[in-house]
Amino acid sequence: MFSALDEVKINSIVVMPDFFVDRIIKLNSQEEFSRLLAEKVKFGGGSLRNISTAERKGGNAVNIAYCLGKLGIRTTLFTVADELGSAMLGKVFAKFGDTVRLKIGSGKHGRTTGLEFLRDGYNKANVMLNDAGDNEYFGPDKIESQDNLEILEDADAVMVVNWGSNLRGTELAQYVFKKSPTSFHFIAPADIEIRRDEFRDFLLKISKYTNDLSLNENEANSLGKSLGMSSILPLNDYDEQNVKNAAKQISSKIGTNIEVHTRIGAGWSNGTDSQFAPAIKVEAKTLTGAGDCWDSANIVGYLCKLSPIARLMFSNAYASLYVQSSDAEPPTMEATLGLLDTKVSY
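My numbering numbers the first residue of the sequence shown as 1279 and each following residue consecutively.
It cannot be assumed that every hint is accurate.
Computed list of lysine to any residue pairs in SDA-like fashion (alpha-carbon distance at most 20 Å, straight line) [to be verified]:
#1 K1563 <-> K1386
#2 K1559 <-> K1486
#3 K1503 <-> Y1487
#4 K1483 <-> K1503
#5 K1503 <-> P1459
#6 K1381 <-> N1328
#7 K1531 <-> L1482
#8 K1559 <-> E1518
#9 K1486 <-> K1386
#10 K1369 <-> L1396
#11 K1486 <-> P1459
Quick list of the computed label-pair ranges, beta carbon to beta carbon [claimed, not checked]:
#12 L1482 <-> G1375: 18 to 26 Å
#13 D1619 <-> L1326: 30 to 38 Å
#14 G1368 <-> M1406: 21 to 29 Å
#15 A1316 <-> E1428: 21 to 29 Å
#16 E1428 <-> G1375: 19 to 27 Å
#17 S1508 <-> P1556: 33 to 41 Å
#18 Q1424 <-> T1460: 15 to 23 Å
#19 G1350 <-> S1585: 19 to 27 Å
#20 A1372 <-> M1406: 21 to 29 Å
#21 S1485 <-> D1419: 37 to 45 Å
#22 Y1487 <-> E1422: 14 to 22 Å
#23 L1407 <-> K1621: 29 to 37 Å
It should be emphasised that the hints constitute simulated quantities derived from the structure, not laboratory data. Ideal Cβ placement from N, Cα and C applies to all residues, glycine included.
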């Protein structure tokens, strides 16, 4: 089922455009944090002590490029950063040598503060406080040099991610998809709630140039509302069939392949057929970036021509290894295939 992954033959994947420096704050319950915060405000301020924090590279495009590097895939990252951000990216990606090529435009990278809350004593949820910086205006002008256009033209896949933070995201996707006519075209939008109607219109316009759209449950619900559907994945109350139906309904409306990856598993549809692979249950230690890990494995599965169910299983396995890691380090191809050897019947 996964034999095509043993000898991956992918020329290059291009991913763009966002880079954020993430500060992750790990907290207990939302209720406890709200109570402590209210007490501090009441008394005019002060420190909340013994809070666990970590600062690391982030942004959907950067996370995906890093995951692809760990998988051994030749990748080009287009993004924007200031001098300090560029130095950080250079240091982070140095381990991959020529496997990951950085194309960094001058500007202000984004900054995110992620609050990770514990729910029900086990499950976790994350809330992102976001300053997009110049990611908010990343348009075709950032990549229109002849050298960059040749990179696009030669790419096996072009991934445009975090459309939700980029006010020029529509313009960017139209441009790069046109300049890479033989590439596999992939979109992962991030949070689209406040721009959901605009995103719907964008998809309907660009669907014939798009090969795949990847959504988490919140994004699926936002897009579903914009397409005139009721809540297709009710909060904390959906099952396998709901996920399959969500993917199928959206795919039939948009006209492209759809994945919906959720806490219980992932569904795929082309508008006619639909498949589902359950999540591998693990203790969640890291949440921020899990969707990017999933998307990285998904695009590799597509380019290796895995069947839909094998691709979903591979992506779930890759994301599960990341989620259970305490250091937010994505796994290698070898580790993922090793897990699948033991979980192939899950």
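Violations among the numbered hints, reported as their numbers in ascending order: 1, 2, 3, 5, 6, 9, 10, 12, 13, 15, 17 and 21
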